[in-house]
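Colleague: Residue numbers (my numbering), protein chains in the order written: chain A, 1 to 171; chain B, 1 to 645.
Since the hints were derived computationally from the structure, they do not count as laboratory data. Please note that a few of the clues may not be correct.
With a straight-line cut-off of 16 Å between C-alpha atoms, the simulated EDC-like cross-links for lysine to aspartate or glutamate are [said to hold, decoys possible]:
| # | chain 1 | residue 1 | chain 2 | residue 2 |
| --- | --- | --- | --- | --- |
| 1 | B | K539 | B | D561 |
| 2 | B | K475 | A | E122 |
| 3 | B | K560 | A | E100 |
| 4 | B | K285 | B | D275 |
| 5 | B | K622 | B | E633 |
| 6 | B | K605 | A | D38 |
| 7 | B | K59 | B | D105 |
| 8 | B | K602 | A | E100 |
| 9 | B | K602 | B | D561 |
| 10 | B | K605 | B | E586 |
| 11 | B | K279 | B | E153 |
| 12 | B | K279 | B | E333 |
| 13 | B | K339 | B | D202 |
| 14 | B | K320 | A | D61 |
| 15 | B | K141 | B | E365 |
| 16 | B | K272 | B | E66 |
| 17 | B | K605 | A | E100 |
| 18 | B | K475 | B | E502 |
Bear in mind the structure is a predicted one, so any value in this text is a computation, not a measurement.
In case you want the letters, here they are:
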Amino acid sequence: MQLTEEERKEAVEKSREILARYDGSRGGLIPALQQIQDVLGYVPAEAMREAAGHFGMPAVDVYGVVTFYNQFRLTPPGRHQVKVCMGTACHMKGGNIIMESWERVLKVKVGETTPDREFSLERVACVGCCTMAPVALVNETVHGKMTPTKVDGLYFSHQLANQQKKEGMPE
Amino acid sequence: MNANKTAAMVLDEIRAEALRSWEQMRQKTLIAVGAATCGRAVGALEVAGVFREEIERLKVDAAVIEVGCMGHCYAEPMAFIFKPGFPGICYGYLNEGLAARLVRDFLVDGDPCVEFALAADGVNDFIPTFQDFPRGLVEQKMVMEHCGLIDPENIEHYLAVGGYGALAAALAMDPGEVAKLVKASGLRGRGGAGFPTGSKWDLCRAAGEKTRYVICNADEGDPGAFMDRTILESNPHLVVEGLAIAAYAVGAGKGYFYIRAEYPLAVERIRKALDQAGKYGILGKSVLGTGFGLEIEVFQGSGAFVCGEETALIASMEGKPGLPRHRPPFPSEAGLFGKPTVINNVKTLSYVPYILRNGADRFKETGTPGSPGTAIFALAGKLVNTGLTEVPMGTTLRQIIYDVGSGIAGNSNFKAVQIGGPSGGCLPGETLDTPIDFDSLTRAGAMMGSGGIVVLDENDCMVEMARFFLDFTQKESCGKCTFCRLGTRHMLGILERITRGEGRPEDMDLLLELAGDIRAGSLCSLGKTAPNPVLSTLKYFRDEYEAHIFEKRCPALMCKDLIAYYILPHKCERSCDACVGSCPVEAIYSNEDRIKVINQEKCVKCNSCLVACPPQYRAVVKVSPPDLAAGKEKENDERKSQDNH
Ligand SMILES: Cc1cc2nc3c(=O)[nH]c(=O)nc-3n(C[C@H](O)[C@H](O)[C@H](O)COP(=O)(O)O)c2cc1C
Ligand code: SF4
Ligand code: SF4
Ligand code: FES
Ligand code: FES
Numbered sequence: 001m002q003l004t005e006e007e008r009k010e011a012v013e014k015s016r017e018i019l020a021r022y023d024g025s026r027g028g029l030i031p032a033l034q035q036i037q038d039v040l041g042y043v044p045a046e047a048m049r050e051a052a053g054h055f056g057m058p059a060v061d062v063y064g065v066v067t068f069y070n071q072f073r074l075t076p077p078g079r080h081q082v083k084v085c086m087g088t089a090c091h092m093k094g095g096n097i098i099m100e101s102w103e104r105v106l107k108v109k110v111g112e113t114t115p116d117r118e119f120s121l122e123r124v125a126c127v128g129c130c131t132m133a134p135v136a137l138v139n140e141t142v143h144g145k146m147t148p149t150k151v152d153g154l155y156f157s158h159q160l161a162n163q164q165k166k167e168g169m170p171e
Numbered sequence: 001m002n003a004n005k006t007a008a009m010v011l012d013e014i015r016a017e018a019l020r021s022w023e024q025m026r027q028k029t030l031i032a033v034g035a036a037t038c039g040r041a042v043g044a045l046e047v048a049g050v051f052r053e054e055i056e057r058l059k060v061d062a063a064v065i066e067v068g069c070m071g072h073c074y075a076e077p078m079a080f081i082f083k084p085g086f087p088g089i090c091y092g093y094l095n096e097g098l099a100a101r102l103v104r105d106f107l108v109d110g111d112p113c114v115e116f117a118l119a120a121d122g123v124n125d126f127i128p129t130f131q132d133f134p135r136g137l138v139e140q141k142m143v144m145e146h147c148g149l150i151d152p153e154n155i156e157h158y159l160a161v162g163g164y165g166a167l168a169a170a171l172a173m174d175p176g177e178v179a180k181l182v183k184a185s186g187l188r189g190r191g192g193a194g195f196p197t198g199s200k201w202d203l204c205r206a207a208g209e210k211t212r213y214v215i216c217n218a219d220e221g222d223p224g225a226f227m228d229r230t231i232l233e234s235n236p237h238l239v240v241e242g243l244a245i246a247a248y249a250v251g252a253g254k255g256y257f258y259i260r261a262e263y264p265l266a267v268e269r270i271r272k273a274l275d276q277a278g279k280y281g282i283l284g285k286s287v288l289g290t291g292f293g294l295e296i297e298v299f300q301g302s303g304a305f306v307c308g309e310e311t312a313l314i315a316s317m318e319g320k321p322g323l324p325r326h327r328p329p330f331p332s333e334a335g336l337f338g339k340p341t342v343i344n345n346v347k348t349l350s351y352v353p354y355i356l357r358n359g360a361d362r363f364k365e366t367g368t369p370g371s372p373g374t375a376i377f378a379l380a381g382k383l384v385n386t387g388l389t390e391v392p393m394g395t396t397l398r399q400i401i402y403d404v405g406s407g408i409a410g411n412s413n414f415k416a417v418q419i420g421g422p423s424g425g426c427l428p429g430e431t432l433d434t435p436i437d438f439d440s441l442t443r444a445g446a447m448m449g450s451g452g453i454v455v456l457d458e459n460d461c462m463v464e465m466a467r468f469f470l471d472f473t474q475k476e477s478c479g480k481c482t483f484c485r486l487g488t489r490h491m492l493g494i495l496e497r498i499t500r501g502e503g504r505p506e507d508m509d510l511l512l513e514l515a516g517d518i519r520a521g522s523l524c525s526l527g528k529t530a531p532n533p534v535l536s537t538l539k540y541f542r543d544e545y546e547a548h549i550f551e552k553r554c555p556a557l558m559c560k561d562l563i564a565y566y567i568l569p570h571k572c573e574r575s576c577d578a579c580v581g582s583c584p585v586e587a588i589y590s591n592e593d594r595i596k597v598i599n600q601e602k603c604v605k606c607n608s609c610l611v612a613c614p615p616q617y618r619a620v621v622k623v624s625p626p627d628l629a630a631g632k633e634k635e636n637d638e639r640k641s642q643d644n645h
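Isolated chain B, as found in the complex:
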């Protein structure tokens, strides 16, 4: 390679080839099937298979590629069809039959089947664009721009949309200038704590040691969050580019992706991306011909939540149990094998190319002064439209739930939003106008955390929610600090008692007291924030605790020990029998009037009959406290015997 060439010139050469094949691909019909993990869970690969077979069978000149996630997970399986002469059209809720029909009707006969179209990528007379959706007004894509539109396993696609241009630009700068630019952008870490990224890099640059490391934290352990997984699966090269820029800025010759064991597809895609980048001279001994050397490897986690914490993560990479340690020294000063190490979250690194390409000021135009840029959230729970969204920092929870998520699914009402996972809290309706940024959420009693949002409706019990998270933290506590280990177990015991209907009046005070002790006596944030789910539910939903403790009643009808299933005799249709077959333990029988009755002794409370009972009858209900069911049955019997007299 010619030593006088700049990184940008080297990249241009690589990109010219990539652009050629990209253009070629776009000249004929292209079907891009969303095939991230969640799409696969509902049959995306089978749908892609049918597209391929039908194209082959009908001899259509078209290609099928598998892409990542556009954020509209609720409509999976999804596919975008780009046919010359038409706007790109996105179809949702696909199945094998529909896929075959699209090939026949649209690709062969030219009828785009608008009735199945979700959206189009260009303005036209028939199909709305994603920008026309209510969420189009709220969303803004800095990181997710290309997610779901390029093949994550093909580096040429990333190159064709401008990929690795930011790395080339960085390589033309002095490393210190790169760090300065990131600092000027005000970028804050998206891994939870919101630490300024530029300052972290500076700290590492200032360390004396010359051997340095950079690590991308992709441990995403919050049970209910999937932003990092989606980015890694949908656009792995973006994160590789971000990590490479970080390495250059701090002078690290070696980088790692620390990826959660439960994300096999993300591991596979990052490995492929690293391999391809190496082949193209983008990684390796001389990055883009500049002489800067960088090797990047994947390290797989082993299923311990606490390893998302940076010092525990390092311990596990050193072959030790993942126990957090005291900071300082911070990893930026003394990290992996004692060397200065920058650890950044997947999302944090994904903003870096944007900042390099567009400048710090452009980045700061979005978001709030204290928290610039966008935020990426995973929306799950009782929403109509679950999925992934990227919105400016400062957007309110209300906009996210109602504009992006289209509100609560079914005929149910909003109760709370769980944000921040096991370190966060449950916020009620009156806090929905809180703008989302690092500082406001903490004030409201939750936490930005990693960005998982689970929306809860009136059928979700807040005491049970708190119990669930304490069960999680108690299991995941590494055991180093007594208060974290025993305190969480004690709290869990109390919460279990309450959800079983054995709560005592003094329990609520006891919980508060324990929460204070755990906060004060824990080393890492796992322990320090473990009481948050309890504190926030006690603050906003105290009445539910009281109902459990004093009335042995679960208002949300969720806590199993406090409910019973009951069939309303006047609503049961008698001859339909749907519930009988659905019951796995044969607990439902017909009485002499052929009305169905549940044998409470046998019932395992699996909810099957409630689901099975046709919506026009809705005869199966839950009651709390459970003895209501027995009481009602007795009443029925008595009424009947009176009738007989």
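Chain A with its partners taken away, still in its complex shape:
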């Protein structure tokens, strides 16, 4: 992905700031990457290079770690992250139907981000609310007992909020 000069600078600065909190012992690598992702939303190549320098290891090894773990993302997420649970209980109660509903309203496939970067759609394996299956998360909020119509409703209310924000904005 191409970053603007400004984005690149931010990525490097923020990464350095976070890495400075860790001594160079390698046990700090994953916690540091997690913090970088918390701040930037993903782990850009710049951050991996900085981390490699900080922990004194080849950049390819940092890349190996980042790609091994599902949690790390190499591209920026949408402003809203939709995650659909695909754990056992949710699957048996129609989790795939919920996923397809999201794919339909967002017009993207699982793993993708909408072109306007408003939403990204992902799967998770069980968030531990199996009694409320099927479950979907919009950002950090867990929504239980999902249905296709609830998906439409959630999407609609986000659109509405966005529109209001736009209209409320001064010219």
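Using the hints, position chain B with the ligands against chain A.
Modeller: Then chain B with the ligands, alone, in the frame of chain A:
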């Protein structure tokens, strides 16, 4: 601090203060809202907000606290109201309106609204207690005793109910004696393998190295299990106490909680608990003034199931990809950074305070000789009462499903119980009297695993279940062993083919053959047990495989490629139109008789119309194989044209 004081004396001082504020709190009205993750998913925080607002507005002298889970997750959002002069009353299925009403009617006017009460905590004439529930006879709480009744973010509550007393008792003993006591209790690890905990600790104690670590494994990756999450969210100090005792027993100065990334609330609560314990002198340089030093930190997982495996977990803490390695050496001998490391599951550690407080014999009184104590299960799927339960080892699956879970929801019939997650299997009705312990379940073809139970009914397809788990293990295989990586992919490919209706007669034998290879050629249990879901379904539900392969039919009407949605013309009410609006792709139209018809080309099989059709009509049905729908439509047309003639 006075050097002559024992840990127990130091604790008594801390506890005196905690008891004072606890008593004070109990003197006025208290509302305890269940606010674990699952409660929050259905609006617990909004309910708590309304309680607070109404109390403020009506100027009631009451406090609202957020607590964890009592196990009755099906009735969330829930709250316990303790009002002086009344037994504690638990209300379930709350919403904002009901919360406001309870403040008005009960707190202000003194009417406890028994019609909304689920249970009471003391015997009375109006409301049953939880012990009066059928499950009350089966359940026994060693670990979950205080879950849902104390504020998990307030150490004073834990102290007030006797918390950290077991740690003080341990500190008065020789570390070797502590390990011996745990060994004598017969406690077996609850992380899946059932390894004797005391022996594991002994192995670590015997290692030469003086730098040692203890780790609480809270990676809970089994998709369908939530016991560990609930315990961490509901009573974090209990697990901290267990880990501290383990550290003392093996002489570790440093401990870790390895918590799954998907559990942000558990991370937050454990962090708070560690912070508070440090402030109270329960952790830190001198634990309870004894000079024993212990620091505990949180390490967050990064979303890899295989990292629940102890050697992979260690690799990830060392900043490497989470690949399992050969054992021996076991982590107890050479673990984190090469140092002796005890790794125990959340539940395992949660039993330790109980054993210290009550002794090994008391612990062994419960459960079976080979598997003493209780077992904690997460119940999900097609049950009436889903949730969490703690029952003695040796309880049967039947008791859990029918007494605790109140049987199958809806008008449906039991088909199978999935136990042990991706390493376990699906057991049919005839195995329901199997007592649950480590050894019996393995014999039946499943596994204790971590304790996730998903109950399946006749609408669940067993081939699809097997495909689902293979899809999971195939994605989560770390890729180190060829058989695990490629074998699971191959099996998945076959299962996908079968669920699409493209199965071949030789597929079943091929699956068995691959299962054997994967078992033999995999290093860790992820690979070794990956075929179990396939093997158990092939053993108990072979007929379903056959229907898919030979008749291209899914008997449970679940496999999408093998079903079609169809509206029964004689049942459709015509004028109701409920299904039309529910369809996201506008596939439903009215024919000239205003009977609704589904355009099969457009239908995306989302199930919405089936849900939308009012229960008094039930006109929408699924049929398999799918060409039945087209066939029926043609029949209708023909009948109609004959009528016209
Ligand atoms: C693929 C795989 C995943 C595992 N996941 C977990 C887990 O999530 N939690 C856990 O406690 N143990 C898990 N284990 C078992 C651990 O390797 C280890 O046996 C356990 O943490 C030891 O604790 P215990 O003796 O208290 O059971 C897993 C094992 C394998 C092979
Ligand atoms: S069996 Fe599978 S998950 Fe386990 S080490 Fe081998 S490849 Fe990795
Ligand atoms: S919802 Fe049912 S009864 Fe109503 S029009 Fe559709 S099929 Fe007919
Ligand atoms: S399976 Fe979806 S929350 Fe557990
Ligand atoms: S009541 Fe919510 S986790 Fe059980």
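Colleague: Going straight from one Cα to the other, do B:K605 and A:D38 come out at no more than 16 Å?
Modeller: The hint is violated at about 38 Å.
Colleague: Given the hinted pair B:K59 and B:D105, is their alpha-carbon gap at most 16 Å?
Modeller: Measuring from Cα to Cα gives roughly 14 Å; hence the hint holds.
Colleague: Going straight from one Cα to the other, do B:K320 and A:D61 come out at no more than 16 Å?
Modeller: Distance ~8 Å between B:K320 and A:D61 Cα, so the pair holds.
Colleague: Compare the distance between the alpha carbons of B:K339 and B:D202 with 16 Å, and conclude whether the hinted pair is satisfied.
Modeller: Roughly 15 Å separates the two Cα atoms, so the pair holds.
Colleague: Would you check the hint for B:K475 and B:E502, treating anything up to 16 Å between C-alpha atoms as holding?
Modeller: At roughly 23 Å apart (the allowed maximum being 16 Å), B:E502 and B:K475 break the hint.
Colleague: Given the hinted pair B:K622 and B:E633, is their alpha-carbon gap at most 16 Å?
Modeller: Holds: B:K622 and B:E633 sit about 14 Å apart, inside 16 Å.
Colleague: Hint check: B:K605 vs B:E586, CA-CA at most 16 Å. Holds or violated?
Modeller: holds, 12 Å
Colleague: Holds or violated: B:K285 with B:D275, Cα cutoff 16 Å?
Modeller: holds, 14 Å
Colleague: Between the alpha carbons of B:K141 and B:E365, is the straight-line distance 16 Å or under?
Modeller: Holds: B:K141 and B:E365 sit about 13 Å apart, inside 16 Å.
Colleague: Please verify whether B:K272 and B:E66 have alpha carbons no more than 16 Å apart.
Modeller: At roughly 15 Å apart (the allowed maximum being 16 Å), B:E66 and B:K272 satisfy the hint.
Colleague: Need the status of pair B:K539, B:D561: alpha-carbon distance at most 16 Å?
Modeller: violated, 24 Å
Colleague: Holds or violated: are the alpha carbons of B:K475 and A:E122 at most 16 Å from each other?
Modeller: Since the Cα atoms of B:K475 and A:E122 sit roughly 15 Å apart, the hinted pair holds (cutoff 16 Å).
Figure legend: structure checked against the earlier numbered hints; hints not met, in rising order: 1, 6, 12, 18.
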